[in-house]
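So the protein sequences, as listed, match chains A and B.
Numbering-wise, the first sequence is residues 1 to 181 according to this note's numbering.
Numbering-wise, the second sequence is residues 182 to 666 according to this note's numbering.
Rather than coming from a laboratory, the hints here were simulated on the basis of the structure.
There could be a bad hint or two in this list.
Where chain A lies over chain B, by a calculated footprint (3+ residues, C-beta under 8 Å) [unchecked claim]: (1) 256 to 266; (2) 597 to 609; (3) 628 to 639.
Dumping the calculated DSS-like pairs for lysine-lysine here, alpha-carbon to alpha-carbon at most 30 Å [what the hints assert, rightly or not]: (4) Lys-112(A) x Lys-204(B); (5) Lys-488(B) x Lys-90(A); (6) Lys-225(B) x Lys-90(A); (7) Lys-225(B) x Lys-653(B); (8) Lys-12(A) x Lys-225(B); (9) Lys-93(A) x Lys-43(A); (10) Lys-12(A) x Lys-204(B); (11) Lys-289(B) x Lys-341(B); (12) Lys-93(A) x Lys-225(B); (13) Lys-90(A) x Lys-223(B); (14) Lys-90(A) x Lys-205(B); (15) Lys-359(B) x Lys-266(B); (16) Lys-90(A) x Lys-204(B); (17) Lys-341(B) x Lys-376(B); (18) Lys-610(B) x Lys-661(B); (19) Lys-652(B) x Lys-90(A); (20) Lys-435(B) x Lys-395(B); (21) Lys-581(B) x Lys-112(A); (22) Lys-610(B) x Lys-93(A); (23) Lys-53(A) x Lys-205(B).
Given the structure is predicted, the values throughout are model-derived calculations rather than measurements.
Cβ coordinates follow ideal geometry from the N, Cα and C atoms, glycine included.
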Amino acid sequence: MKKQEHEKNIVKVGLKDYDLDTVRYAAYAVSDAAYVFITPAGKGAVAVEFTPKHQPVTGHQSPVTGHRSPVTSHRSQAGNLARRFREELKDEKIRAAVFDANRDLREFMILKALSYGTAGAPPEQEDSGLTPEQEKELDALIAQVESEIKRESAGSGTKDPLGITRTWEEKYGAKTGRKKN
Amino acid sequence: MAQKPAARKTNPSGGVLPQVLWKKTGGSYLLTNDAGHYAWLKEKDFAAITAGRLAETGPLFAELASKGFIRDRLDFNDLAAKWKKKNAYLNYGPGLHILVLTLRCNHKCLYCQSAAAGLGAAYTDMSLATARKSVDFALNSPAMGITLEFQGGEPLLNWKALKGTVEYARKKAKTRGKDLKLALVSNFSLMDAEKAGFLLANEISICTSLDGPKDLHNKNRIFTGGNSHGETLKWLKYFQKKHAAQSPDYRVFKPGALLTVSKYSLSRHREIIDEYARAGLEDIFIRPLAPIGYARNLWDTIGYEAKDFAVFYLKSLDYILKLNRQGVVIREKTAAMMLDKIINFQDPGYLDARCPCGAAIGQIAYNYNGDLYTCDEGRMVGWAGDDLFKIGNVFRDAYKKVMSNGVTRVCVVSSNLEAQPACARCAYKPYCGVCPVYNYATQGSLWGNMPSNDRCGLFKGIFETLFALLKKPGNAAILKRWAGK
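If we strip away everything but chain B, and leave its shape as in the complex, we get:
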């Protein structure tokens, strides 16, 4: 009996897609899934796949099948492995522990969200007893890797506590079998050879603030005791030299710097990036001002609209790529971390953009008096008079109680993207995260309203740009190097 001619084989799932998210951009559709795979489809192909008419024989079908976008061709092992790798943080407790050693500071930065106290406010110094108790608390986390970050104010103003805490933490971590990392965020104005020697010998990684060229930096970061920009560059170079030379006795980390974009920075993206490149910094972390804590009260003077920052950020990204093409090694940190998720299916440890966010379950901020907050931003809200994000005190509360209290839970629930109606439908969900503190400070609710949320708008802009850049082979090669570092 003669057979009927074989029909052209089509998507055997009969038009039902597996769990995918999509976004129409221009004439194309970006498809993503829980595992973190992405694919671009033309409009006609999207229509074909949703109607079950996509030919099985073409390369597009093979690509989509390999990435988990064809329901009857799901490779569960591959998808599960990628999902697990991308969400590895779910298996750990809080890894980042921020110790606010003092609220005192010798700088009066225009944007200082933590509203530093004056030099005479010694009552805001953390005592060694509180610091030790904080270390004990931090080591209760089930995370094998614990990072203690010393912050302020200016933490070098409480050198005695810093030194004592480092020695205590090293000893305790050893007995508890934890992998301890120590980090310092300082403006360098009080750095000297003795302190630097101690920091290096104890393998403490060092980060400072650099806001751009001298006039801009000093305008943002007012230092009555001298030239903030000069001190910053001097000690950056010192630690870079030590890093290049290394030591036979200990590891020397490369120093890093953070950029805070003020209203005065908006028109100067090139000069700022050039300053970073000249200073030998290979990373620039472009961070917007957040209207949180005291910065909220000063918003009219120092703030700007989210769209202004977005333009600044995207111009900066464009310029950094241009420098990369000329052989300059520099990358933007937010983009690099997002790319790590998109390209490598990896959790880069970016606590602000994960699901659920890192509040309490990824990081804890320890105030000078032992009060515990979900994160440093939560502490800033507390310092401005609203203790909503306070989750306990190292002297009074046990680790288990802090981890299971109402505030910790509500931060987890409200930053779960599955429970955010807009996020659960967003193509960028596999790589993104919301911030309950930001939502609370700007929109009056921990959940916020994502369609009108400036942070959401900014992240969407960054993702849109990164995916558009990844489409172009020349840019993609550069961006893959950023993610691979």
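Bound conformation, chain A alone:
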């Protein structure tokens, strides 16, 4: 029991600096190595208590990256936990700000993504109610009218006989700059 007490480590956190959710998430992040208890510690503060779960770890080197995890003793393990927790607190505070600032933006982006390019296959053609022969006749008629329109507009030398595409200035000249009273 005494030994257990010795291994415990308590960090006091002011709720003015970090809200309770931030403290909870940061505590959860170190729950691989310790049991974490959060209790009230006076007005506007909580005490975060860590009880290590495992024996101290030995240094392990990643065979590919070469990174080596630090060798720890009981005392430094408790110290490491507190250090990890404080780092997580700082990170979590930024994360909370990022999440809050982007909630709407993110929802918009994901909604856009979900509906992105969902035009899908072209809709099936509606049944016109015509027989194949009538369809052919109609197609031929449309082609004839189109070719006549084409021929007429080519003959007139202009594609805009009514001057619809011409600007006001082209039709009536530039403004004089004088205002009518």
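Dock chain B against the given chain A, drawing on the hints supplied.
Relative to chain A, chain B alone:
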């Protein structure tokens, strides 16, 4: 009036980052976002970007802006397109349908999670009626591409059902307008020319198990009827030759193999990989043992710690890259699938690492008696006496009922990374996924506790390694080829 000298332009977002995740590794920060983009930042640059002091003029700003890490420069079309591509599976129903044709097996593998039944247990054979009903059920999925995977036990022990199911499924898929793929997982010990001919003519892709050199393979995969390793290699070569020659009448797929890492494999990564390369296999899928189903009871004998597997995996990856540099064509499948997400923004169809996981909504396991499970791992838990992951029966339950039942829903909810406190904050989230069955089997809860979850630790190790390797141009070129295959 004289103007003030122009101030150095800084991040116009005033320090507010868009939705990003990050991880500090050594002196650098890895940034990722929902679309799957990633970028490396030095510590000072991370401090600058979070404080809104990153100069707009530098190449770093341009890189970050193009990847969606600058809030006022978001290209919504690009980000939405990438997000959609990476999460394409959300638009389909279950595509993988695993038919357990029998629980009987002529092997007694040390690690067999499905706890195969003895050869006399014919009551565990799937009847043709059940198989047909299973095919009908599978074809109800809205997915256009349906894969039927025949598994066991040893599925060749129920050849009659296999043959009948293939013929029935081909016919039904045609009338339903589905793109049907058929796959077989077999130990090859019962393969003969007639069966092989049928499998080839029906375009069934074939996968087997190869655990390494002869002594190791036969130690893991005990076959009282002979030499398991010899049979495996013989038929692998046969199907490879058929693949190389192809046929004018049908497509012949390249055979594949799966590696299960036992306690005896841990010290032999080089020999195992060399064996794969010698066998002409271009993919090696290094899979750890999972303490699920009966394997959990045998864990003291056959299991190992997650960190031991991680060391094995990373050493293997290192060795495979070394072989690649020497011109040997071989890649590790887990890494290749993760890289497909990281580099190509693509869903590689890896049901175990997606959000939500593939349980029920990506795959369904059909037991020999028509019982339906969220996945094969869920079925294994059921076979060990806990039917938590059973989602129905092909004779009793309609597709819609199975898809909307409580177990299906809870698997979706618990594998949604947004609802996992550690995952929602993890830089690897855009590429990762959790397994509710694994969590339940190892931690007693579908949600689990990710900070102390061995699978999570392993995936983090794999991602850390892949991102570290991608930083080095030589390795990156090789890894890009893996993802591009």
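We went through each hint and held it up to the structure:
Under the rule that three or more residues need a Cβ within less than 8 Å of chain A, the assignment of the segment 256 to 266 of chain B holds, with 7 such residues. Remark: the segment 597 to 609 of chain B is confirmed as covered by chain A, as 3 of its residues place a Cβ nearer than 8 Å to a Cβ of that chain, reaching the required three. With a cut-off of 8 Å between beta carbons, the segment 628 to 639 of chain B has 3 residues touching chain A; three or more are needed, and the interface restraint holds. Note on Lys-112(A) and Lys-204(B): the hinted pairing holds, with a Cα-Cα distance of about 27 Å set against a maximum of 30 Å.
At most 30 Å may separate the alpha-carbon atoms for a hinted pair to count; Lys-488(B) and Lys-90(A) meet this at roughly 29 Å. Only pairs whose Cα atoms come within 30 Å are accepted, and Lys-225(B) paired with Lys-90(A) is accepted, the gap being roughly 16 Å. Taken as a hint, the Lys-225(B) and Lys-653(B) pair is honoured in the structure, with Cα atoms around 21 Å apart against an allowance of 30 Å. Proposed proximity of Lys-12(A) and Lys-225(B) is supported: the alpha carbons are some 29 Å apart, at most 30 Å.
At most 30 Å may separate the alpha-carbon atoms for a hinted pair to count; Lys-93(A) and Lys-43(A) meet this at roughly 21 Å. Distance check on the hinted pair: Lys-12(A) and Lys-204(B) sit about 25 Å apart at the alpha-carbon level, within 30 Å; holds. Restraint check: the Cα-Cα separation between Lys-289(B) and Lys-341(B) comes to about 23 Å, which is no more than 30 Å; the hinted pair holds. Among the hinted pairs, Lys-93(A) with Lys-225(B) is consistent with the structure: their alpha-carbon atoms are about 18 Å apart, no more than 30 Å.
Under the criterion of a C-alpha separation no larger than 30 Å, the hint pairing Lys-90(A) with Lys-223(B) is consistent with the structure, at around 18 Å. Of the pairs offered as hints, the one joining Lys-90(A) and Lys-205(B) holds, with about 13 Å between alpha carbons and a cut-off of 30 Å not exceeded. Restraint check for Lys-359(B) and Lys-266(B): the C-alpha separation of about 22 Å stays at or below 30 Å, so the hint holds. For the hint linking Lys-90(A) to Lys-204(B), the alpha-carbon distance of about 13 Å falls within 30 Å, and the restraint holds.
The hinted pair formed by Lys-341(B) and Lys-376(B) meets the criterion: a straight-line CA distance of about 11 Å does not exceed 30 Å. A hinted pair counts as satisfied when its Cα atoms are at most 30 Å apart, and Lys-610(B) with Lys-661(B) qualifies at roughly 20 Å. Among the hinted pairs, Lys-652(B) with Lys-90(A) is consistent with the structure: their alpha-carbon atoms are about 27 Å apart, no more than 30 Å. Restraint check for Lys-435(B) and Lys-395(B): the C-alpha separation of about 22 Å stays at or below 30 Å, so the hint holds.
Of the pairs offered as hints, the one joining Lys-581(B) and Lys-112(A) holds, with about 28 Å between alpha carbons and a cut-off of 30 Å not exceeded. Note on Lys-610(B) and Lys-93(A): the hinted pairing holds, with a Cα-Cα distance of about 19 Å set against a maximum of 30 Å. Pair hint Lys-53(A) plus Lys-205(B) holds up; C-alpha atoms about 24 Å apart against a cutoff of 30 Å.
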